[in-house]
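Assemble chains B, C and D onto chain A, guided by the hints.
Chains as they are written, first to last, in my numbering: chain A, 130 to 389; chain B, 130 to 389; chain C, 130 to 389; chain D, 130 to 389.
Just so you know, the hints here were simulated from the structure itself, not pulled from any lab data.
It is possible that some hints are incorrect.
Facing chain B, a subset of chain A residues (Cβ under 8 Å, in silico) [said to hold, decoys possible]:
id, residue
1, Thr178
2, Gln235
3, Thr236
4, Phe256
5, Ala258
6, Lys267
7, Lys268
8, Thr325
Pairs of lysine-lysine residues, derived as PhoX-like cross-links and limited to a Cα-Cα distance of at most 20 Å, are as follows [what the hints assert, rightly or not]:
id, chain 1, residue 1, chain 2, residue 2
9, D, Lys388, A, Lys388
10, B, Lys217, B, Lys190
11, B, Lys388, C, Lys388
12, A, Lys190, A, Lys217
13, D, Lys190, D, Lys217
14, C, Lys217, C, Lys190
We put the beta carbon where it would ideally sit given N, CA and C, even for glycine.
Number of protein chains: 4
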Amino acid sequence: GLPFALIAGPCVIESESLCREIAQSVKATCEALGIAYVFKASFDKANRTSGAAFRGQGPVKGLEILAGIRQDFGMPVLTDVHEPDHCKLAAEYVDILQIPAFLSRQTDLLVAAGETGKAINVKKGQFMAPLDIVNAVKKIEATGNERILVCERGVSFGYNTLIVDFRSLPQMATATNCPVVFDATHSVQQPGGLGTASGGTREFVPHLARAAAAVGVDAFFLEVHPEPEKALSDAATMLPLASLAGLLETLQAIERAVKQ
Amino acid sequence: GLPFALIAGPCVIESESLCREIAQSVKATCEALGIAYVFKASFDKANRTSGAAFRGQGPVKGLEILAGIRQDFGMPVLTDVHEPDHCKLAAEYVDILQIPAFLSRQTDLLVAAGETGKAINVKKGQFMAPLDIVNAVKKIEATGNERILVCERGVSFGYNTLIVDFRSLPQMATATNCPVVFDATHSVQQPGGLGTASGGTREFVPHLARAAAAVGVDAFFLEVHPEPEKALSDAATMLPLASLAGLLETLQAIERAVKQ
Amino acid sequence: GLPFALIAGPCVIESESLCREIAQSVKATCEALGIAYVFKASFDKANRTSGAAFRGQGPVKGLEILAGIRQDFGMPVLTDVHEPDHCKLAAEYVDILQIPAFLSRQTDLLVAAGETGKAINVKKGQFMAPLDIVNAVKKIEATGNERILVCERGVSFGYNTLIVDFRSLPQMATATNCPVVFDATHSVQQPGGLGTASGGTREFVPHLARAAAAVGVDAFFLEVHPEPEKALSDAATMLPLASLAGLLETLQAIERAVKQ
Amino acid sequence: GLPFALIAGPCVIESESLCREIAQSVKATCEALGIAYVFKASFDKANRTSGAAFRGQGPVKGLEILAGIRQDFGMPVLTDVHEPDHCKLAAEYVDILQIPAFLSRQTDLLVAAGETGKAINVKKGQFMAPLDIVNAVKKIEATGNERILVCERGVSFGYNTLIVDFRSLPQMATATNCPVVFDATHSVQQPGGLGTASGGTREFVPHLARAAAAVGVDAFFLEVHPEPEKALSDAATMLPLASLAGLLETLQAIERAVKQ
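For reference, chain A alone in the conformation it holds in the complex (with noise of 0.2 Å):
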């Protein structure tokens, strides 16, 4: 296979200015270190844990940064869609649709993106066993559209808590014949556990990213911050921008070693 790829950004879009910062550094980072980079970053969060959280640019505003950064630094761009009518609009700005994992069942949202013609990144849902993905990937299948990403991203385990099953990659991969991302970052979430807001054990990120590459995967998914401990949106688990370099390396040794 090929080496890992990488979607990389914040996980809301704070400002344009921070997802500049964000883009320049993560591409400067992947170029050194020759990694496909993607950038991702949401334009709302329609599922905030608090309805009082802050929610993003909204949609024309956030659309038009992406744009902007795709078109300045010449990189791929991905973007989360919460309802079917955001599809078409978002397929005119980003490279990737990526449906939330808590929407991974829901017909029309999948049918709408796969309908864009777009690459479609499914995240597994929380619920969800690893073969129940199968439908998610047929459900946008039958569209026509066979550029079809899944993305392991933790399983509700007990309450306020997630836990990676690493056999879910493999089996993921055999079922459904897409390449397997993972998402290093939302998988040590504590969903809902501050009360108003979803915790999470961000020191535990390397450790997880390590284990999936040691088992094999097409690409990662992080969520990076120069300052995460400011950020509006998952401080509690994206990574320092400033440790990102030393795991990708990490990363890369791990699968060389594999692929031996």
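Same frame as chain A, but now just chains B, C and D:
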């Protein structure tokens, strides 16, 4: 507190005649037993396991069937909404809007439902702890709408299995001050358990309903069908219409025993 | 079936006087309500979270205290055994030997207990599915002993939490043909949840007991204490002695309601 | 840290010749790769799912077989103990005593094992959170014995399934300061999943072992057999002897990649 109410009907609007047969039968049973009755049916099943499964009659035809039942039988009617845009439309036809469990964190949907001023039944997500429902309630309350019901329907337990934590009923009641509904038929679902459909253990619906009556609950949610094994959705979990009266009598007897 | 029986007493034999105080109080309550009563207490707590915790009076002194209660109050007595060697000794003093949940797969212990000819109460392991109890029952039955009770006390749910799947009561009854006991106090345990001790949510003992009565059960197992917060073991889960009579009356009313 | 060690052998002592075949083969592999090797086999399987299953050769014959291997092949030997009384006996024959996962809270067993002065490998119970292992370690340390290994082998996830939370490896290392072992074969067990036996997903042993190597671990525990499908215990999870060398080479390559 008041005696329990009943929300019951088929999973999906298979046909107008089936809906009317069920509405008439359940209405007669509830009148005989002195139980307040709300008819429920879905005009669209937006998150079927498989994209090839039957989804219903579509919004307009489905909502007109519901409105006809409401008018002819004189009972309130409940249906579920899956996109913000549907809320205003559905509110013109029904009395209670229901937020599906998978969508219980989607802020826009909760807000759009709340803004209709209709009563809202929020199902607790399969990925939520009991206290997480507070955030969903607050999102609705922020619209000024305080007519909110919260509904238990099981929590993810390993793969393809739900389990009911009956501590959630008093926990949700205390934390939200909302009436608590127990959905006894979806609680025995085995999501995705049949590969391309959800399985279930219908034989345990009465046991779990009795448990909820003994713990204390404001309403029961039950999907019923004259011939569940022939149903076009949720065949593995719906209660046979013929066994409803007997179950309700037992639940009433338990409720009286607890309130003595 | 017969009306439910009660197995109740303190977690551990803190002192002879405490045991007698509890035995006398519960006996009077059960006689007034017409409930068959079995006194329970552990002569040794062999699996405390912390090695520094109080373990009891030791086998000989503890068993003599139990035998004295049995003789003076005229009720059957139950205690738990942790090693094959203890079974024969304990069987000389008590009527029912109990297999702790953690040990419910230990073949030698099950066989040694079975060979005493005493009735055996097997707790379902926190790591067992309901039908797994069949294997434990068969190990005992292989000794020719068919006086077996099976007991639900919750199943592992994420970390440091137990959850009760009330489907297990009818499932175990059907699969084993044994009387089914519901342990309402250990079912609310949070194992290891306090770091060096197990926590619990005592406030939900009545809710879960009521649920079990409504589902249907042959006996309740309840740990009681005049002042639970001062208890030397399981302080977070034991029921205050003063609230036992009221709970039993409610459970009886529910049982009658269900059997009507 | 040091490079990883290997604890490997058959599940149970089926026969002396089988044990010697495995010991010789694994020893040769480990010498070629420069891996420290500990032979393991159980002289008794005290907690088989079914009482009718093969349990081994019995303590004395089994321990003599282990001692013979230790002497003739010159490697340390590990076996598991199930009752306090067995510890002193087993300690005369082997180098490391292992506490089975189901018994990891049994204070007397932990203390009796600790008092032998032998190294102790404590498996984390399927019902334990990672930090709960601290209490098991403290019970052993209270005997003055500080030669303790802690071992991850999966945690209960729903019914009849285990899942590995790889965060547990660094969590246990930090909390106990003990070397951490990863048991890759029991981690893919489906306890009780075959009705009267435990099933498993042997095909994922290499994936989980690679993940552990990437996360970082001090030793691997692997049950191996020349023909797993003919094994008398744990047939569904043991690794074929012929695939061991290739797996170990990959694990070494991963370890080197991580430590660069």
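For each hint, the structure was consulted:
no.: 1; hint: Thr178; result: holds (5 Å)
no.: 2; hint: Gln235; result: holds (5 Å)
no.: 3; hint: Thr236; result: holds (5 Å)
no.: 4; hint: Phe256; result: holds (4 Å)
no.: 5; hint: Ala258; result: holds (4 Å)
no.: 6; hint: Lys267; result: holds (6 Å)
no.: 7; hint: Lys268; result: holds (4 Å)
no.: 8; hint: Thr325; result: holds (6 Å)
no.: 9; hint: D/Lys388 <-> A/Lys388; result: holds (18 Å)
no.: 10; hint: B/Lys217 <-> B/Lys190; result: holds (16 Å)
no.: 11; hint: B/Lys388 <-> C/Lys388; result: holds (18 Å)
no.: 12; hint: A/Lys190 <-> A/Lys217; result: holds (16 Å)
no.: 13; hint: D/Lys190 <-> D/Lys217; result: holds (16 Å)
no.: 14; hint: C/Lys217 <-> C/Lys190; result: holds (16 Å)
Checked against the numbered hints listed earlier, the structure breaks none of them; every hint is satisfied.
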